Every structure is written in structure tokens, then in C-alpha cells.
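A.B. asks: These are the residues of each chain, in order.
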Amino acid sequence: MFSTFLIDAAYFVAAFLFLYGLKRMASPVTARSGIVVAGGGMVLAVAAAFLYGFDVSARAEPYLTTNVILLVIALGLGIGWAWISGKRVAMTDMPQMVALYNGMGGGAAAAIAATELLSGNALAHGPVVTVLAILGGLIGAVALSGSLIAWAKLDGRMNKAWRLPKHQYVNAALLCGALFIGAVVTVMAVVGAEETPILLILVFFAVALALGVLLTTPIGGADMPVVISLYNAFTGLAVAFEGFVLQNPAMIIAGTVVGSAGTLLTLMMAKAMNRQVSNIIFSDFGGEDDGSDGEIQGTMKACDASDAAISMFYANKVIIVPGYGLAVAQAQHKLYEFVKLLQKQGVEVSFAIHPVAGRMPGHMNVLLAEAGVPYDIIHDLEDINEEFAQADVAIVLGANDVVNPAARTRKSSPIYGMPILNVDQARQAYVVKRGQGKGYSGVENELFFLDNTSMVYGDAQKVMVQMIEAVKSLG
Amino acid sequence: MEMTTTITGFVALYIFLLAAFTGYEIIGRVPAILHTPLMSGSNFIHGIVVVGAMWALLNAGSTLEQVIGFVGVLLGAGNAAGGYVVTERMLEMFKPTNKASGADKE
Numbered sequence: 001m002f003s004t005f006l007i008d009a010a011y012f013v014a015a016f017l018f019l020y021g022l023k024r025m026a027s028p029v030t031a032r033s034g035i036v037v038a039g040g041g042m043v044l045a046v047a048a049a050f051l052y053g054f055d056v057s058a059r060a061e062p063y064l065t066t067n068v069i070l071l072v073i074a075l076g077l078g079i080g081w082a083w084i085s086g087k088r089v090a091m092t093d094m095p096q097m098v099a100l101y102n103g104m105g106g107g108a109a110a111a112i113a114a115t116e117l118l119s120g121n122a123l124a125h126g127p128v129v130t131v132l133a134i135l136g137g138l139i140g141a142v143a144l145s146g147s148l149i150a151w152a153k154l155d156g157r158m159n160k161a162w163r164l165p166k167h168q169y170v171n172a173a174l175l176c177g178a179l180f181i182g183a184v185v186t187v188m189a190v191v192g193a194e195e196t197p198i199l200l201i202l203v204f205f206a207v208a209l210a211l212g213v214l215l216t217t218p219i220g221g222a223d224m225p226v227v228i229s230l231y232n233a234f235t236g237l238a239v240a241f242e243g244f245v246l247q248n249p250a251m252i253i254a255g256t257v258v259g260s261a262g263t264l265l266t267l268m269m270a271k272a273m274n275r276q277v278s279n280i281i282f283s284d285f286g287g288e289d290d291g292s293d294g295e296i297q298g299t300m301k302a303c304d305a306s307d308a309a310i311s312m313f314y315a316n317k318v319i320i321v322p323g324y325g326l327a328v329a330q331a332q333h334k335l336y337e338f339v340k341l342l343q344k345q346g347v348e349v350s351f352a353i354h355p356v357a358g359r360m361p362g363h364m365n366v367l368l369a370e371a372g373v374p375y376d377i378i379h380d381l382e383d384i385n386e387e388f389a390q391a392d393v394a395i396v397l398g399a400n401d402v403v404n405p406a407a408r409t410r411k412s413s414p415i416y417g418m419p420i421l422n423v424d425q426a427r428q429a430y431v432v433k434r435g436q437g438k439g440y441s442g443v444e445n446e447l448f449f450l451d452n453t454s455m456v457y458g459d460a461q462k463v464m465v466q467m468i469e470a471v472k473s474l475g
Numbered sequence: 001m002e003m004t005t006t007i008t009g010f011v012a013l014y015i016f017l018l019a020a021f022t023g024y025e026i027i028g029r030v031p032a033i034l035h036t037p038l039m040s041g042s043n044f045i046h047g048i049v050v051v052g053a054m055w056a057l058l059n060a061g062s063t064l065e066q067v068i069g070f071v072g073v074l075l076g077a078g079n080a081a082g083g084y085v086v087t088e089r090m091l092e093m094f095k096p097t098n099k100a101s102g103a104d105k106e
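Protein chains in written order, with full-length UniProt numbering: chain L, 1 to 475; chain H, 1 to 106.
Note that these hints are calculated values from the structure, not bench results.
Any given hint might turn out to be false.
[Unchecked claim] Subject to a maximum C-alpha distance of 20 Å in a straight line, what follows is the list of computed EDC-like cross-link-like pairs (lysine to aspartate or glutamate):
1. Lys462(L) x Asp451(L)
2. Lys340(L) x Glu469(L)
3. Lys23(L) x Glu25(H)
4. Lys87(L) x Glu88(H)
5. Lys271(L) x Glu92(H)
6. Lys23(L) x Glu92(H)
[Unchecked claim] Some chain H residues judged to face chain L by a derived CB distance under 8 Å, without partners named:
7. Leu13
8. Tyr24
9. Gly52
10. Ala53
11. Asn79
12. Thr87
None of these values were measured; they are calculated from a predicted model.
We put the CB at the ideal spot given by N, CA and C, even for glycine.
Using the sequences plus the hints, can you model the full thing?
C.D. replies: This is the structure:
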């Protein structure tokens with residue numbers, strides 16, 4: 001069929017555009033054009049996929065008109081909803097939206113697996129294709145329910161880490177159960193069954209979805225970026241597997257590229273947090289306290305925003321440590337206004353970005369870029385950590401765990417071993433915080449109790465306004 | 001002209017191998033500031049799953065398959081469109097206004 005040739009040609013071009021676009025996205029200079037290039041590939045591929053309508057299987061022919069109508073409605077609703085929600089979401093809430101969209105991709109892969117198994121297409125192509133359909137369905141379903149839990153956690157709809165008794169055994173049992181059903185279906189394909197019983201498929205996906213939920217519920221919010229990245233790689237892999245089932249090269253290539261790139265990104269993020277992916281998935285980070293909090297000596301000292309501002313005004317070197325609290329308060333614009341006032345006075349100001357500042361690696365850079373902060377005063381942890389010792393003032397805005405010295409010293413702490421910013425080495429540290437609560441990991445922060453640390457309580461936005469006023473009144 | 005795609009056995013494995021290395025190499029030397037946009041960008045790219053779901057829906061031969069296919073297309077389209085918008089908005093910020101160090105002109 002000529003339509004088949006057109007579709008294949010379109011997919012080939014689309015695959016090229018995806019790879020080229022992704023490559024361009026990997027550099028800050030060309031990143032913007034990269035997504036546009038890849039987007040062009042997507043439009044082309046979707047347009048070409050309509051040509052499938054000219055060459056449907058015999059049993060689908062009576063349904064074709066309805067199917068085309070359903071297709072247009074589904075595309076319209078899916079694109080429309082996602083477009084609007086994506087445009088509306090605040091920059092700070094991007095991570096959970098990525099999780100949500102990723103879960104949808106996993107769900108789509110699982111849906112393909114379900115139709116292929118139910119219609120008997122997968123079984124007709126033999127055991128290898130059946131196995132791939134099942135694995136893709138399993139991974140896709142886990143990515144779907146897991147991403148939804150990750151979304152709920154990041155969106156603040158689900159705060160507690162939740163686990164069953166013998167949680168890991170339950171997970172192992174679910175995984176074994178799903179694989180067992182998969183094996184049964186494969187055996188059916190070998191002996192030449194034409195269709196898979198609906199009940200078997202239903203149980204299979206129910207088990208897979210439950211597994212995704214239970215894998216994610218015990219994981220604390222601080223580890224969520226790594227988990228989202230991991231599920232992103234999962235979805236890629238599921239898409240690639242279903243691509244083999246459908247003999248669709250664009251899905252195979254795009255899915256595999258995302259699978260490997262996503263795995264690498266996951267490892268890079270985990271490394272930046274000094275965590276192992278296996279520990280995140282199978283351990284208790286973000287769980288209950290270990291009860292060692294009482295040992296911290298000293299008291300927290302409060303101080304006025306204006307006092308802190310004035311001491312920065314007369315400092316030579318100030319380092320700013322922005323965190324999620326800053327982003328939530330939408331204070332990055334005010335912060336930069338304050339920074340410009342300091343710079344006019346001749347104060348050397350730099351930003352220190354922890355690899356996991358915000359909710360994802362690079363998230364804080366995006367937020368600061370939004371406020372117009374130039375790149376050359378933003379520094380990574382490795383570049384700036386030595387400079388804290390020479391800084392007159394270090395100010396922490398809405399960050400907590402990433403400046404907790406317990407990560408260096410307290411072996412019992414769940415964040416032990418995570419690289420932190422050496423704010424405690426600055427001559428004077430200010431911590432802007434809404435209240436006395438603990439960080440995302442639920443650990444008490446020793447920094448707040450040090451002699452050279454003062455706490456400025458309040459919403460970061462309001463604090464920045466007060467600081468700007470204080471500095472303006474001076475000069 | 002007969003040029004239908006059949007990808008089986010070792011050909012499939014070769015494609016898998018080459019694509020996996022491609023993904024690894026593309027991401028390999030990326031600055032940390034781009035990790036989030038890239039995760040989002042790769043999230044968009046697996047939105048290609050929508051074309052598979054489109055095939056499944058067009059070839060649906062029963063009401064149940066139609067329902068699942070419909071959901072598949074809906075989810076896949078959401079993945080692709082949402083992934084695009086979010087990535088584009090993030091990368092928008094890397095555009096102009098920086099007298100930045102690493103951002104030399106092309």
C-alpha cells in the first residue's frame with residue numbers, strides 16, 4: 001500500500017527530527033529551537049498516522065467510521081486539556097506536571113498492550129512479540145500509577161510516606177504475580193490460542209497498577225525527582241516495547257532513546273544527591289525520625305529582615321542559597337531586585353545552587369532565569385563551596401536539607417552523605433524561613449542552632465520587600 | 001515499490017542497541033542546568049506513543065478495544081501536547097537577555 005510507504009517515510013523523518021531536536025536541547029544556546037524541531041517531528045508523525053485508516057484489519061472495517069470519530073475526539077480532548085493545563089501551570093509546579101504527562105504516556109503504552117493482547121494481534125505474531133507486549137504493558141502501567149502517586153506527592157495532595165507491613169514482600173509478590181500471568185499468556189501464544197481471556201488481562205493490569213502505587217508511596221518527597229526521572233525512562237522503554245509489537249520504528253527509536261537517556265539522567269540526579277537508585281526504591285528515606293533530634297545543642301535566634309539586609313549592605317561578599325521556599329513564594333524577582341541594589345553598592349553577590357535545589361536538578365536555574373538573573377553569578381555546588389569560608393554573609397532562602405551539616409557528620413541521619421552547601425562556614429548566616437518546621441526529609445537542621453546563624457521568619461516574598469525597603473532607606 | 005518495514009529478531013536488537021547508545025551519548029555531556037528541561041523534553045519525545053495508540057484505535061474490532069484505544073489516544077495525546085508546552089515554557093527562559101559566560105553565539 002502506498003499509504004504504508006508514506007507513513008514509514010514520515011516516521012523516518014520524525015525519528016531524525018526527534019534525535020536532532022534532543023541533541024539541540026542538550027545545549028543552553030540551542031535548547032529552545034530543539035523542542036520546536038522535535039515538535040515538528042511529532043506533528044508530522046501524528047498527521048501520517050491518520051493514513052492507518054486506509055489500511056485497517058478486516059475485523060475493524062465495520063467500526064472504521066466510529067473509530068475515526070473517536071480518534072478525532074480523543075486527540076482533541078487530550079491535546080486541548082494538556083495544552084491548557086501546561087500553559088497555566090506555575091513554573092514552580094512544573095515537576096509534578098512532568099510526572100503527570102509522563103504517567104499518561106505510560107498509560108497509553110499500557111493501553112496499546114491491552115488492545116494488542118485482547119484482539120489477539122500480539123499472540124498471532126508469536127511468543128516473542130507477546131512477551132514484549134506484556135513487558136511493555138507491565139512497565140507502562142507501573143509508570144502510570146507510579147507517576148500519579150509522584151504527582152500527588154509533589155502537588156501536596158499526599159504528604160505521608162505510606163507503607164504496608166512487609167512492604168517489600170508485597171511488592172515482590174505483585175511483581176511475581178504479574179510475571180506469572182504474563183508467562184501464562186505467553187504459553188497460550190505458543191500453543192496457538194487466538195485471544196487472551198479478558199479476565200486475565202484485567203487482573204494483570206490491576207496487579208501492575210497496584211505495583212506502581214506501592215513502589216512509590218514509601219518514597220519521600222526529596223527523592224521524588226529521581227523517581228520521576230526513573231518512571232520517565234520506564235515509559236520510554238514501554239513505548240519502545242510496544243513499538244516492536246506494532247512494528248513501528250518511530251516508537252522503537254524514540255522510546256529507546258528516552259529509555260537510555262532517562263536512565264542516565266536518573267543516575268546523574270541520584271549521584272548529585274549522593275544516593276543510589278536502588279536505595280531510593282527499596283529504602284526508608286523520608287520515613288520516620290530516628291529519634292536523635294534531641295541531641296542538637298543551642299537555640300535558634302530570630303532577627304529582623306531589615307537587620308539582615310543592612311548587614312549584607314555593608315558586606316564585601318554575599319552568597320545566596322535559594323531553595324524551594326523561594327520558588328513557592330514567587331520571590332525570585334524581588335530577590336534579584338535586592339541583589340541589584342547590593343551590586344550597586346559594590347557588594348560581590350553570587351548564587352549557590354545545590355544540584356537538587358527546587359524540586360528537580362536544574363529547576364532552580366530555570367526559576368532564576370525566569371527572574372532575569374544572569375548565568376555568570378550562578379554557581380554550582382562544586383564551584384562555590386570553597387568560597388563560603390571567605391563570605392561575610394550567606395543567606396539561605398527557603399532551603400533546608402541542602403544546607404544541613406548533619407549530612408556531613410551525623411551517620412544516623414537519613415541525609416547522611418549528601419553533598420551540602422557549606423553555609424555554616426560563612427562568617428554570618430541568615431536563614432529565611434516561614435516557620436520552625438523541618439525540611440522535606442523531615443530532619444532537624446543543625447545549622448539553625450549555630451551561633452553565627454540568625455533566623456528571619458516570614459514568607460520569602462515579604463522578607464525580600466522588607467529588605468529592599470531597608471536598603472533603599474540607607475542610600 | 002515494496003518497502004514495508006519488518007523489524008524482527010536481530011535487526012530489532014541492533015536498532016535497540018544503536019538507539020540506546022544514541023540516547024546515552026546525547027545526554028552524556030549536558031550541564032546540570034538543563035537536566036530538568038531535558039527530562040521534560042525526553043518526556044515529550046516518548047509522547048510518540050500516541051501514533052501507536054492511534055493505530056490501535058483505528059484497528060479496534062470490538063467495543064472494549066474501542067474504549068481502551070480511545071483512552072490510549074487520549075493519554076498519548078496528553079503526553080505529547082503537555083510535554084511540548086511545558087518543555088517549551090522552560091526553555092523559553094534560556095533565550096535572550098543573558099550576558100552569560102557559557103552562552104556564546106552559534
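A.B. asks: Could you run down the list of hints and mark each one as holding or not?
C.D. replies: Hints, one by one, checked against the model:
| no. | hint | verdict |
| --- | --- | --- |
| 1 | Lys462(L) x Asp451(L) | 25 Å, violated |
| 2 | Lys340(L) x Glu469(L) | 13 Å, holds |
| 3 | Lys23(L) x Glu25(H) | 9 Å, holds |
| 4 | Lys87(L) x Glu88(H) | 10 Å, holds |
| 5 | Lys271(L) x Glu92(H) | 28 Å, violated |
| 6 | Lys23(L) x Glu92(H) | 17 Å, holds |
| 7 | Leu13 | 10 Å, violated |
| 8 | Tyr24 | 5 Å, holds |
| 9 | Gly52 | 5 Å, holds |
| 10 | Ala53 | 5 Å, holds |
| 11 | Asn79 | 4 Å, holds |
| 12 | Thr87 | 5 Å, holds |
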